[in-house]
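Trainee: Top line first, the protein sequences correspond to chains Z and S. Note that the numbering used here gives residue 638 to position 638 of the first sequence, counting from 1, and the numbers run on in steps of one. Here the numbering used here = 1-based position in the second sequence + 868.
Among the hints, erroneous ones may be present.
Said to hold, decoys possible - Partial chain S-side listing against chain Z, Cβ under 7 angstroms, derived:
no., residue
1, 883
2, 892
3, 896
4, 940
5, 949
6, 970
7, 979
Claimed, not checked - Going by beta-carbon spacing under 7 angstroms, a handful of chain Z positions derived as facing chain S:
no., residue
8, 449
9, 454
10, 522
11, 525
12, 526
13, 531
14, 564
15, 801
16, 804
17, 818
Calculated from the structure, these hints are not laboratory results. Every residue gets a Cβ at the ideal spot worked out from N, C-alpha and C, and that includes glycine.
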Amino acid sequence: MDPSASKHLVVVGGGMVAQRLVEALRDRDAAGAWRITVLAEEPRRPYDRVALTSYFSGRDAEDLALGDPALWHDPLVTLVRDDKVVTIDRAARTVTTGRGRVEHYDHLVLATGSSAWVPPIEGADLPGVFVYRTIDDVAELRGYVEAMGQGKVVRGAVLGGGLLGLEAAGALQALGAQTTVLQVGTHLMSAQVDLGGGEALRRLINGLGVGVRLNAATTRIRPHRRGGVGRLDLADGGRLDADVVVIAAGVRPRDELARDAGLEIGARGGVVVDDTCLTSDPAISGVGEVACIQGACIGLVAPGYAMAEVTADRLLGGAAQFPGADTATKLKLSGVDVASFGDAFGQTPGALEIVWADPVAGVYKKLVMSDDARTLLGGVLVGDASAYASLRPMLGRELPGDPAAYLLPEGTGGAPDLELPDDAGVCSCNNVSAGAVRGAVTEQGCTDLGAVKACTKAGTSCGSCLPLVKKLVTGELTKQGITVSSALCEHFALSRAQLYDAIRVSGVRSFTEVVERFGTRQGARGCDICKPAIGSILATTAPAHVLEGERAALQDTNDHVMANLQKDGSYSVVPRIPGGEVTPAGLIAIGSVAEDFGLYTKITGGQRIDLFGARIDQLPLIWQRLVDAGFESGHAYGKSLRTVKSCVGSTWCRFGVQDSVALAVLLELRYRGLRSPHKIKLGVSGCARECAEARGKDVGVIATDKGWNLYVGGNGGFTPRHAQLLAEDLDTETLIRTIDRFLLYYVRTADRLQRTAPWVDDVEGGLDGVRAVVLEDSLGIAADLDAQMARHVLEYEDEWKATLEDPEKLRRFASFVNAPEVADPSLAYVPERGQVRPATADERDEAREAQLRGEPVLVAGSTLEVRR
Amino acid sequence: MTVMERTWVAVCRLDDLARERGAAALVDGVQVALFRLADDRVLAVQQHDPFCDAYVLSRGIVGSRAVDGAEVATVASPMHKQVFDLVTGRCLDPVGKEPVRGMSADLRVWPVRVVDDVVEVGA
Ligand code: SRM
Ligand SMILES: Cc1cc2nc3c(=O)[nH]c(=O)nc-3n(C[C@H](O)[C@H](O)[C@H](O)COP(=O)(O)OP(=O)(O)OC[C@H]3O[C@@H](n4cnc5c(N)ncnc54)[C@H](O)[C@@H]3O)c2cc1C
Ligand code: SF4
Ligand code: FES
């Protein structure tokens with residue numbers, strides 16, 4: 001073989017892809033058609049950059065060498081190290097190096113890779129600030145940390161929460177530094193995994209002892225007094241002390257040579273190549289990270305290797321074409337299993353996502369499937385990527401069997417549910433049938449409750465059908481192999497019950513702490529779903545007044561002003577009337593308040609009196625009068641105990657066998673103010689005739705000759721259910737203890753807005769399961785529940801009375817912050833049956849016109865002294 | 869050349885507003901809902917809820933939502949839970965409803981500044 005007869009291939013750059021190109025060409029070019037010169041800037045042979053981090057675990061540079069060293073002794077291969085190419089002369093077909101070497105080429109390959117990108121922040125050039133790309137980079141970093149670490153803890157910061165940043169963080173941690181990752185975006189590894197995966201990943205990273213700050217943009221790196229870096233300033237005003245900083249903010253293709261040579265450059269950098277890897281000059285190819293292929297530079301080695309293979313084939317007269325990039329990635333950080341492949345973000349039109357998340361175990365898995373749920377399009381695996389190896393080859397193919405089975409841990413199966421017939425009405429407000437809800441999932445491709453609501457309008461009015469709609473949607477999705485997340489909302493991946501436990505066990509006391517510890521995103525501030533739910537949870541785990549500090553911001557307007565919002569923006573007031581028992585003086589007091597404030601008055605279905613049409617600024621005045629008359633809040637606004645309805649019972653009724661009123665009053669006073677997942681209502685009847693309709697209540701008590709029968713899980717409302725018998729002939733003490741436990745077990749474990757009837761169904765073992773917990777203490781939590789209720793009873797205070805005593809809380813009731821004495825001018829009322837009601841829009845318009853004509857008006861603003 | 873001058877109306881002290889809660893104010897006779905966020909930014913949108921025709925938005929729950937990757941401050945109407953972007957006024961979720969009487973689903977917004985602890989609304 002005569003080298004002088006061969007054509008000359010010059011390769012610029014001696015990185016991973018260059019090595020693969022040389023290997024591939026020498027493999028196939030048995031005839032020696034090409035002799036190869038590799039001009040490399042780095043002072044060593046091509047090495048395994050992908051395994052760079054293992055340099056820290058004691059390996060030296062030699063261990064990272066790639067392939068068979070004999071390659072470089074091949075007479076047709078010349079490797080020139082430590083010499084950087086500085087110019088290309090396309091006309092003369094020569095390249096010139098920094099050391100003055102000039103090589104003539106028949107074909108030139110650019111394999112110059114990328115460089116670490118350093119954002120233009122002040123202080124990025126300080127000693128102690130590193131990038132993470134070459135062996136020299138990591139050797140210097142190691143030396144710096146070791147020198148500094150003599151006897152003290154080194155604080156490390158990594159700018160960038162991508163693949164590279166996390167690897168660097170792991171390496172710093174392994175060197176003994178206390179490390180924090182700063183990610184500019186909303187979640188870690190945002191190029192590879194979605195938000196849910198990013199959140200699971202954050203927990204795993206935290207588990208390694210590495211801190212994570214999201215939405216954290218560094219604006220400045222400040223020096224330390226002793227020299228070197230000392231501190232980072234963040235855009236949000238925060239700061240972080242750091243002795244060593246690694247910048248892993250991304251890479252930029254090293255396309256300088258190509259630019260200078262006038263080759264076509266991609267919009268976002270990189271030398272543009274076609275599918276044969278040729279640049280705009282047919283004598284020059286581009287491979288690896290520097291190549292902009294199919295519109296993008298790809299920061300992964302596998303596509304680079306594919307380009308090397310294509311180029312080798314083409315140089316030998318073949319017709320190979322770049323097959324498209326495989327962007328599958330797996331994080332190499334011990335203890336943190338993360339993989340992402342294919343269409344990880346579900347961008348294919350119609351793609352279905354199957355998500356399985358177990359926040360407790362730190363696992364988040366998602367498969368992206370074609371619209372028929374058969375073909376695997378991609379996936380994200382966090383916390384348990386064991387399925388990665390078998391799934392990745394299945395990309396673009398039909399997955400045999402149920403796709404969800406690939407995600408679930410062993411032996412998980414959902415119990416089948418009773419089927420509603422398709423023509424059964426589900427949402428009466430909007431006249432939507434069960435079939436229509438199912439169809440939204442099966443035919444219209446809705447994959448969550450929100451989409452089904454938007455598509456069918458079910459649940460968009462009064463909302464009471466939502467639990468049923470949700471159940472149907474979940475059922476239908478489950479049939480399609482899609483596991484529905486029980487996440488509370490976008491801010492919490494946990495269900496209400498999980499969150500309750502997390503809050504109770506961790507003892508956190510404020511929303512800010514809860515969202516920071518258990519939320520999906522740093523910096524997020526909750527929503528109208530999670531805030532009231534957390535307000536309600538905190539009310540029983542860390543009781544405080546509804547308007548206390550940050551708690552005030554969690555409440556729906558009803559709880560916030562301790563009244564019920566009406567359609568026109570005014571409020572209704574319901575004083576508590578325990579057991580429905582009220583003195584004539586009490587009735588008169590309520591009546592005179594209603595009269596003085598011109599309130600519409602109605603006896604409620606809950607045996608008490610509702611006063612409607614109060615302005616927000618009138619509420620404290622009204623309540624001052626009611627409190628003075630001995631009344632307290634009836635919590636008609638709260639997800640909490642409402643009423644304990646009673647019949648007249650044995651004291652008057654000729655059939656009564658027990659004093660139902662006395663028990664009802666006792667129970668109402670015991671549970672008043674108890675915040676719960678949904679409202680709770682109790683009923684007590686004095687005999688089996690059941691005049692109190694106790695079996696229509698969440699907790700119903702019916703007197704017997706020997707004591708009390710206890711029924712649970714009754715509901716009126718949207719889905720009426722009769723309560724079921726839990727226990728018979730209990731004495732009063734046992735009865736109360738059992739109700740205590742039942743209520744608190746419900747408070748702890750029910751879903752948000754789940755009433756007791758569906759909750760009992762959901763408890764494992766149903767009614768028997770509930771019985772085992774509250775009567776036999778099968779979970780061993782009874783003492784805990786008893787103590788929690790004792791505390792509730794002890795600490796109860798009337799929230800209205802407490803509010804009236806606190807000027808700070810009273811400030812929340814001003815009509816206008818800059819005009820507290822001006823009444824809301826938008827309120828208008830008309831008379832009806834001797835009282836008032838809100839004027840309709842037409843009536844307001846008519847009144848306005850009548851006023852313009854100078855005629856008398858029937859509509860009156862609430863400020864006017866109307867004989868309403 | 870005419871220079872448009874914005875007039876700033878002093879409305880209250882920052883301290884008069886509770887964090888992450890709204891308060892209604894009357895600015896030139898118009899009902900404005902002011903919101904003080906967790907970071908003490910103050911934002912202003914109309915108090916009128918276009919979906920229920922009542923003046924209630926200041927009484928909604930303040931929160932945030934991820935919109936195109938950015939965390940956006942929001943308020944949910946206390947009446948029927950429509951969600952609005954507090955900075956732009958844009959309705960982010962009409963919960964399947966239409967505004968009343970052909971009104972815009974998006975809210976009017978006012979510029980707000982805090983000068984020496986005094987909240988001023990640009991009229
Ligand atoms: C005032 C009252 C009607 C009346 O004039 O009689 C009433 C009024 C409201 N009910 Fe009721 N319910 C009233 C008794 C009932 C009853 C009957 C009872 O308690 O004996 C039921 C059926 C029994 C039950 O709850 O199981 C009842 C089932 C509902 C439901 C459906 C709940 C369900 O599980 O499906 C809702 C909607 C909800 O809570 O989500 C509801 C919601 C409401 C709300 C809170 C709607 C709202 O958010 O504005 C109304 C507030 C009125 C107000 O401003 O005070 N109300 N509501 C009754 C007040 C009782 C009280 O003294 O506190
Ligand atoms: C820590 C780390 C972990 C990684 N992990 C993974 C992973 O898990 N999976 C994955 O797929 N990828 C990973 N990568 C990326 C992967 O290493 C690169 O995609 C791959 O090395 C690209 O190969 P390349 O030859 O195109 O460029 P490089 O390997 O970067 O080589 C280019 C070489 O060209 C030299 N050069 C540049 N300009 C000139 C010039 N003018 N003259 C002479 N020489 C020049 C450079 O000095 C360099 O040595 C990782 C990278 C790092 C840094
Ligand atoms: S339940 Fe029976 S006994 Fe009790 S009051 Fe009604 S009728 Fe009388
Ligand atoms: S919204 Fe469905 S029944 Fe009211």
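Trainee: Are the hints correct? Go through all of them and say.
Mentor: For each hint, the structure was consulted:
Interface restraint check for residue 883 of chain S: the shortest CB-CB distance to chain Z comes to about 10 angstroms, outside 7 angstroms, so the restraint is violated. Evaluation of the residue 892 of chain S hint against chain Z yields a held restraint, the C-beta minimum of about 5 angstroms falling below 7 angstroms. Because the smallest distance between the Cβ of residue 896 of chain S and any Cβ of chain Z comes to about 11 angstroms, over 7 angstroms, the interface hint for this residue is violated. Checking residue 940 of chain S against chain Z by beta carbon gives a least distance of about 10 angstroms; that is not within 7 angstroms, so the hint is violated.
Interface restraint check for residue 949 of chain S: the shortest CB-CB distance to chain Z comes to about 6 angstroms, inside 7 angstroms, so the restraint holds. The restraint placing residue 970 of chain S at the interface with chain Z is violated, with a minimum CB-CB distance near 12 angstroms, outside the 7 angstroms limit. Given the 7 angstroms rule on beta carbons, the hint for residue 979 of chain S is violated: about 17 angstroms separates it from the nearest Cβ of chain Z. For residue 449 of chain Z, the interface hint is violated, the least distance from its beta-carbon to any beta-carbon of chain S being 12 angstroms, above 7 angstroms.
Using the Cβ-Cβ criterion of 7 angstroms, the hint placing residue 454 of chain Z at the interface with chain S is satisfied: the shortest such distance is roughly 6 angstroms. Checking residue 522 of chain Z against chain S by beta carbon gives a least distance of about 9 angstroms; that is not within 7 angstroms, so the hint is violated. Checking residue 525 of chain Z against chain S: minimum C-beta separation of about 4 angstroms stays under 7 angstroms; hint holds. With its C-beta approaching chain S no nearer than about 5 angstroms, residue 526 of chain Z sits inside the 7 angstroms limit, and its interface hint holds.
The interface hint given for residue 531 of chain Z holds, since its Cβ lies 5 angstroms from the closest Cβ of chain S, which is under the 7 angstroms cut-off. The beta carbon of residue 564 of chain Z is not positioned within 7 angstroms of any beta carbon in chain S (closest approach about 11 angstroms), and the interface hint is therefore violated. With a cut of 7 angstroms, the hint placing residue 801 of chain Z at the interface with chain S is violated, because the nearest CB-to-CB distance is about 21 angstroms. Contact between residue 804 of chain Z and chain S, as hinted, is not supported at the beta carbon level, the nearest pair being about 18 angstroms apart and thus beyond 7 angstroms.
For the restraint placing residue 818 of chain Z at the interface with chain S, the shortest Cβ-Cβ distance is roughly 5 angstroms, inside the 7 angstroms limit, so the hint holds.
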